[in-house]
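Could you put the whole structure together from the sequences, leaning on the hints where they help?
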Amino acid sequence: MRAALFLLIVVGAVAPRVALAQDAGRRQPAVVGQAPLDASAPVVVHALVAPDTLFVGQEGTYELGVFVEHSVGDRMRRMEAIAPEMRGMLAYEPPPTRSDFAPRIVHGRRYDAHVYERAIFPLAPGRWVIPPARLIYALPLTSSFFSREETIELRSDSVVVQVIEPPLATRPADYSGAVGQIGVDAWVDAATPRVGDPIGFTVRVSGAGNVKLFPRPALRVSWADVVPAAERVDAREHVLGVHGAKEFDWVLTPREAGHVVLPPVRYVYFDPQTERYEVASTRALPLTVAPGTLARADSGAPARPARLALRDRYRGPIPQPPYRDIAFWLLLAVAPIPALALAVVRRPRTRRARSAAARLDAAGTGRARDAAGDEVRRTLVAAIADRLHVPREAIAEPRAMERMARRAGVSPDTAAAAAALLAELYAAAFDAGHRGESGTSEPPADVAARARRIYHDIDREARPAGAWPVTARRAGKVLGIVVLLGAAVHVAAAATGDADAERFALGVDAYRKGSVSRAMGDFQVVARHEPRAADAWANFGTAAWEMSDTADAVLGWQRALRLEPLARDVRQRLEFVPVSAARDGASVLPVPPTAPAVLAALLWLVGWGTIAWRVRRGRARDVRARPRMGVVLVAAALILGAGAAVLDRRLALDDLGVVARVTPVRAVPDLGAAPDGMLSTGEIARIAQHRGAWAQVDAGGGVTGWVDAGDVLPMSPD
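In the working numbering, the protein residues as written are 119 to 836.
Careful: at least some of the hints might be erroneous.
[Claimed, not checked] Pair ranges (Cβ atoms, derived): (1) Gly295 - Glu203: 52 to 62 Å; (2) Val780 - Asp156: 50 to 60 Å; (3) Val351 - Arg425: 20 to 30 Å; (4) Arg636 - Arg373: 24 to 34 Å; (5) Ala713 - Asp687: 12 to 22 Å; (6) Trp447 - Asp773: 17 to 27 Å.
These are calculated hints, taken from the structure and not from any lab test. Even for Gly, the Cβ is constructed at its ideal location relative to N, Cα and C.
Structure below.
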């Protein structure tokens, strides 16, 4: 294991040496008496491992001794060491540096000893070499307090450790690798268990040794179902070695009522002090298991029946919630537009624009009749062009005006009248331009009134701006296409639904006839083909539970519950696996997010409608002055929408996984790293990221780390 940078000693004028209190009976490190000292060197560094031959898993001590000549130590300003990389070994954090040893005298020179100790545990047999450690210290160049300093670096010698396997000839068959001096104890957390009511059972393994790597003992109980649960480590590192305890939990579900006995748990370990295999054993625990009917009547805990019932009717896929549709969000996005547009448009105007009819009435006032005819013609063409939303050049000719008017929905008579009036005005203007003021061709006296009447007819008959010209033939074609498309989609959906329903019925029939594995496969096919089929997922989980496949059972039931948060049958069955709901990641609130989302949308629409109505009635200033009903409704919609988003996120499957088997959780993605905890079969964990064959998970309750990616089944079908 790679050791971190650590501060070994700080000495000098600014930071004087601090001696630790010397304990009675404390052993003296071997490096203090065995390190060879060169009297010509002011500082000597030496390292060793005691003992130099270790069994696999046996605790050894890495000792780094620094011997400082007394006069040099008084001048030192700083000193630090960098520990070497220890391959093939697990190293624990070091205790405080010790300097409470008698000085060594070499050729009349006094050397003060400072020792750094670290507990190490070899993980594999062989000859292992620990590289040299580096020591860096500084000395001032002069006796002045402000003098510059000289930095000096030293290296210790390499250390060779011989690691051997515990003896194979006398190794018991149930030995699992524990090394140290160990004792065990056990207890049950329920005084009077009942059939079908889960109880907790804990075994505590304590003593001296590599506590973090103590293996889980074997547990066999004939009268109950056994599910491994959590592990807890309490390790303490100090100068005399690593001590502590590791607790292993199981969940027991009794299947039989009456007087039963939890058998003693054997724990075989190798004692490196005596070089023999030893056995620690717990005491037998007698229990009285009450019948399961009492458990259901008194405690309300669900008892597992002989065979769980299936959902025998296939209802098809659960409809997508409305907020998954883009039309839902488009409707919400459009809702504020009327109120905002009215707030911008409805503001006081200093000048009212004249209507087209008023402009036609005023055309030619006070002018000669030929000039008046020209102005009426120009005004009429401009007004009709604005109404039909076409350029003026497009209707400058009578026939063009008649054609554009007909295209906009104007009746043939009105279009012909407009074209005739325009031709008459053109003729009058042409004649007036050629004959001069003495000519006899003049526009009619009522030309302005006629022009205004024709414009009103066109304004009444023409379609609104942007309206699509719908004819009976076009409407029939569009309706036919829509009907055909709808029929095709309906037929395809019906065919798919019929196939899924048929496969679902085959699965139900196979389950009732005892072919549970075949039924499980049928339900899985339907669920994979239609991921929102809650009935298929629920039955898949039930069949998996009957096949003793806890991971797939939890996966199916969790998928069904997240599609139907109000499904009581699935929620009750998840209680058969207590570890599946023991962490935060598995909790599903019995509140579907669709209801608050739809209510929030309604409040949003009504709120903005109310605001638009108030602005339309001229009360925009009151709305800005103090919040009224519309603003309150919009705020309530935002709060409900946020709650619906939180509920929807809790039901998401994209980063969830089900633990397929008991697996250790490690702080780093490395098989050599010590486990920080255990995940049990059926637990739900959030997958943060993948790195090669490792997955970083968060199971809630402070359990986070890296696990083998193959031990976690993703809940998302993708």
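To see whether the hints hold, each was checked on the structure:
1. Taking the beta carbon of each, Gly295 and Glu203 are about 24 Å apart, not inside 52 to 62 Å as hinted.
2. Separated by about 55 Å at the C-beta atoms, Val780 and Asp156 satisfy the suggested range of 50 to 60 Å.
3. The hinted window of 20 to 30 Å between Val351 and Arg425 is violated, with their beta carbons roughly 40 Å apart.
4. A beta carbon spacing of about 26 Å between Arg636 and Arg373 agrees with the range 24 to 34 Å that was offered as a hint.
5. A hinted range of 12 to 22 Å for the beta carbons of Ala713 and Asp687 is consistent with their spacing of about 21 Å.
6. A hinted range of 17 to 27 Å holds for the C-beta pair Trp447 and Asp773, which are about 24 Å apart.
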